[in-house]
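Asks: Work out the full structure: start from the sequences and follow the hints.
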Amino acid sequence: MIEFNLLPPEEKAEINSQKDFKKVLVWGSFSLIFVLIFLAMLSSIWLYLLIQLNSIQSIVNEMEASSQNKTFNDIKKEIDDANQRMQSFDKLQIQGKQYSFYWQKLTESAISGITLKHVLINDTKVVIEGRAATREILLSFKDALKNSAYFQNLNIPLSNFLKQNNIDFSLTFELKQQQLK
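Residue numbers (the working numbering): 41 to 221.
Among the hints, a few may not be true.
Stated by the list, open to error - The calculated lysine to aspartate or glutamate pairs, modelled on DMTMM-like cross-linking and capped at a C-alpha distance of 25 Å, are:
#, residue 1, residue 2
1, Lys-165, Asp-183
2, Lys-165, Glu-148
3, Lys-165, Asp-130
4, Lys-186, Asp-163
5, Lys-62, Glu-50
6, Lys-117, Glu-104
Unchecked claim - Simulated restraints, written as ranges between beta carbons of each label pair:
#, residue 1, residue 2, range
7, Leu-202, Gln-108, 58 to 66 Å
8, Gln-204, Leu-160, 21 to 29 Å
9, Ile-55, Ala-80, 35 to 43 Å
10, Lys-131, Leu-194, 27 to 35 Å
11, Asp-130, Gln-217, 22 to 30 Å
12, Lys-131, Arg-171, 29 to 37 Å
No lab work stands behind these hints: they were computed from the structure. Don't be surprised by glycine CBs; every beta carbon is placed ideally from N, CA and C.
Replies: Now the structure itself:
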């Protein structure tokens, strides 16, 4: 069988361009459908993750509001405070200064009738607040500290000696360095 193509070249070109347009239209439709399916899948995954996130957040909020969690947080805070105090104590030990020797000498100097209420030791400086039964006992305590080989630069205000009995006193002095290691 013999085929004759009797169409003019302009019509042939138009038919070929229509075929090409149909091919582009089909491929474009398939591509658009593929993109729409992909977007539908992405949006469903996003919606699923959003629902999961909301449920997890509500569970976390319930746990934070529960009394058991508050108790846990209180215990955790107490433990943190205790750890902080222990670290402060460790820092003092690392400094290596032994104040127990001076504490012993101070308590030996505190004769009967002297009550030490507050003792503050800051490096080598000591501040003491206390109560003396009489002025004579306070003078004896002052002399014992002044004549001690372990304390120096005793400073006791004259206002401490105004009363005869039940004297609230404060004094400061420094520790000599020979025993402080």
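Asks: Give me the numbers of the hints this structure contradicts, sorted from smallest to largest.
Replies: none
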